[in-house]
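Chemist: Now for the letters of each chain:
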Amino acid sequence: MPLLPQYSLAGKTAILHSAGGDDAPFLARALAEAGAAVFAVCRRQDTLDAVLGALPAQSRGYGGIVAALDSEAATAGVISQFQFLHERADILVNDGRSMFARAATRIGLEDWDEVQSRNVRATFLISQAVGALMIAQEYGRIVNIISGLAERGMINGSAFSVSQAGLLALTRSLAVEWGQHNIRVNAIGVGWTTADDIPVEEQRQEQLVRYIPLRQKGQPRDIGPLLVYLCSEACDYTTGQPVYVDGGLNAHP
Amino acid sequence: MLEALSLDDRVAVVTGGGTGLGLEMVRHLARAGANVAIAGRRTGPIERAADEVKLLGRDAIAVPTDVSDSAQANALIAATIQHFGRVDVLINNAALVSDSIPTPIWDISDEDWQAALDVNLTGAFFCARAAARPMADQARGKIINVSSGFGIRGGRDIYMYCCTKGGILQLTRVLSFSLARYGVTANSIVPGFIPTVGTDSEIREALPRSGAYLPTGKLGVPEDIGPVAVFLASSASDYMTGETFTLDGGGLAGGLAPTGYAPEIPLEP
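The listed protein sequences correspond, in order, to chains A and B.
With the first letter of the first sequence counted as 1, position 111 gets the number 111 in our numbering; the numbers rise by one all the way through.
In our numbering, each number is its position in the second sequence, counted from 1, plus 1000.
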């Protein structure tokens, strides 16, 4: 199978930060398959276990840590753990899609703050810390995995949507601010996804699935090759952009 | 997972494939394993491009085509199917580049306006229309339309280029929504400032000088577009449709001004 050599992450070190959800193992596997050493930062032990379990045996030794990135001190701790094992941080992937659904009139301030904190504040903190390393080495690739709800509203989704729009704005801002340091910052926007293998016919029993132009839910593995490209050296002229992989939702009324 | 990025034996049609970004896409598609039908108005460049593809060990045909003529657009797709047996990928890249030279509205003739619309927008529609049926019949196809940052933002005195490139984005969205049920996807590539050999010196002059005003601090090179075109042509992008893939040095994310550099804006209205 001929493959362009540009889709390679050989020799690169990647930090994968997951704030929640089921996609991190797939993202880790894509990065490892392209040759990157993956260091995972997860809020929960079971997520970290799933990430490390998804990596091929030869890619498991690069470490990982369970941490809630809720302060500068916590983030500094993660960075020093990382630096204990690795010299360079070439790639940072943030999956900031911790979510809950609730009517806007019933969202308590604590829950609102928690989702903004897990998704936006944590992503900012680790981007700030890793960005400093990238600026020092004059190279870096950052990819934020976000939801298409960065661009649209959804009933009961206000807190989550706001956090995703925040991540998109952060993507643009860091791209503009750090472009001169050879750092590229992009986002992958996903639609309705499932990590389970559900037959298409069964999925289509759901009205919402029939609303997606491609009439099936997305799979985390759908974005693996795109993630690899956006993390590669070859992705040099794309920055500050979201690429939506959502079955056509964004193009659709 | 990454094997999805291979184009092993896929058949791709690239309009405007003899020069510039089109030629670079042809080269990368072939390196990724595709066979290519190369269309363009002039025979010299497309024949040289076809020779390059063959040197890479892939099959290629050069089909002289003016995409603004629907009979020629139909003939391009027919020739591709006749030679290769099918068409998997269509890249609508042909455009009148000369149209992006800034011209005041009162100096644009009916013919100027129409000629640009005919090639840049109508040509893409004609080729998509010709390819849509065979793609739907095989329940698989990828249409890639080359737009521009000028399809999203306005440019001073750049009427036809902006309007047609904006139209390209809408064509992509309608194609994606309409053909999704047939297994055909459509996406746009949005290049920013990427000078090519074909770029007119007058346009070069109008480009932000040396890319200093872009967040990346530099202009793009034609090679930048290759891996993006291959990704969109490959099954790695199967769940992506109706979307845009931008490569513009961060121009759209930040605009040209707020990059830490001070653009020189002439003191005229």
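Hint data in this document are derived by calculation from the structure and do not stem from the laboratory.
Model, not experiment: these values are computed from the prediction.
Treat the hints with care, since some could be wrong.
[Said to hold, decoys possible] Derived CB-CB ranges, DEER-like:
hint, chain 1, residue 1, chain 2, residue 2, range
1, B, GLN1138, A, ASP22, 44 to 54 Å
2, B, GLY1085, A, ALA68, 52 to 62 Å
3, B, GLY1183, A, ILE65, 56 to 66 Å
4, A, GLU202, B, PRO1104, 38 to 48 Å
5, B, TYR1182, A, GLN137, 24 to 34 Å
6, B, ILE1108, A, ASP22, 51 to 61 Å
7, B, PRO1104, A, ARG152, 50 to 60 Å
8, A, ASP49, B, GLY1255, 24 to 34 Å
9, A, GLU233, B, GLN1170, 46 to 56 Å
10, A, SER71, B, PRO1104, 51 to 61 Å
11, A, ILE65, B, THR1103, 57 to 67 Å
12, A, GLY77, B, VAL1221, 37 to 47 Å
Glycine residues also receive a C-beta, built at the ideal position from the N, C-alpha and C atoms.
Chemist: Taking 24 to 34 Å as the stated bounds, is the beta-carbon spacing between ASP49/A and GLY1255/B within them?
Modeler: violated, 44 Å
Chemist: When you take the CB atoms of GLN1138/B and ASP22/A, is the distance between them in 44 to 54 Å?
Modeler: Since GLN1138/B and ASP22/A have Cβ atoms about 34 Å apart, the given range 44 to 54 Å is violated.
Chemist: I want to verify a distance hint. Is the separation of the beta carbons of ILE1108/B and ASP22/A within 51 to 61 Å?
Modeler: holds, 54 Å
Chemist: For the pair TYR1182/B and GLN137/A, does the Cβ-Cβ distance stay inside 24 to 34 Å?
Modeler: violated, 47 Å
Chemist: If I claimed the Cβ atoms of SER71/A and PRO1104/B lie 51 to 61 Å apart, would that claim hold in this structure?
Modeler: Since the Cβ atoms of SER71/A and PRO1104/B sit about 57 Å apart, the hinted range of 51 to 61 Å holds.
Chemist: CB of GLY77/A to CB of VAL1221/B, is that within 37 to 47 Å?
Modeler: Once the Cβ atoms are compared, 41 Å apart, the range 37 to 47 Å for VAL1221/B and GLY77/A holds.
Chemist: Kindly confirm whether 46 to 56 Å is satisfied by the beta carbon distance between GLU233/A and GLN1170/B.
Modeler: At 34 Å between Cβs, range violated.
Chemist: Per the hint of 38 to 48 Å, is the separation of the Cβ atoms of GLU202/A and PRO1104/B within bounds?
Modeler: At roughly 60 Å between Cβ atoms, PRO1104/B and GLU202/A fall outside 38 to 48 Å, so the hint is violated.
Chemist: Take a look at whether the Cβ-Cβ distance between GLY1183/B and ILE65/A falls inside 56 to 66 Å.
Modeler: violated, 43 Å
Chemist: Return holds or violated for the Cβ distance of ILE65/A and THR1103/B against the range 57 to 67 Å.
Modeler: For ILE65/A and THR1103/B the Cβ distance comes to about 59 Å; the hint holds.
Chemist: The hint says 52 to 62 Å between GLY1085/B and ALA68/A; measuring C-beta to C-beta, is that right?
Modeler: 56 Å Cβ-Cβ, so the 52 to 62 Å window holds.
Chemist: Tell me if the beta carbons of PRO1104/B and ARG152/A are separated by a distance inside 50 to 60 Å.
Modeler: Because 39 Å falls outside the window, the suggested range is violated.
Violated hints, listed in ascending order, are 1, 3, 4, 5, 7, 8, 9; each of the other numbered hints is respected by the structure.
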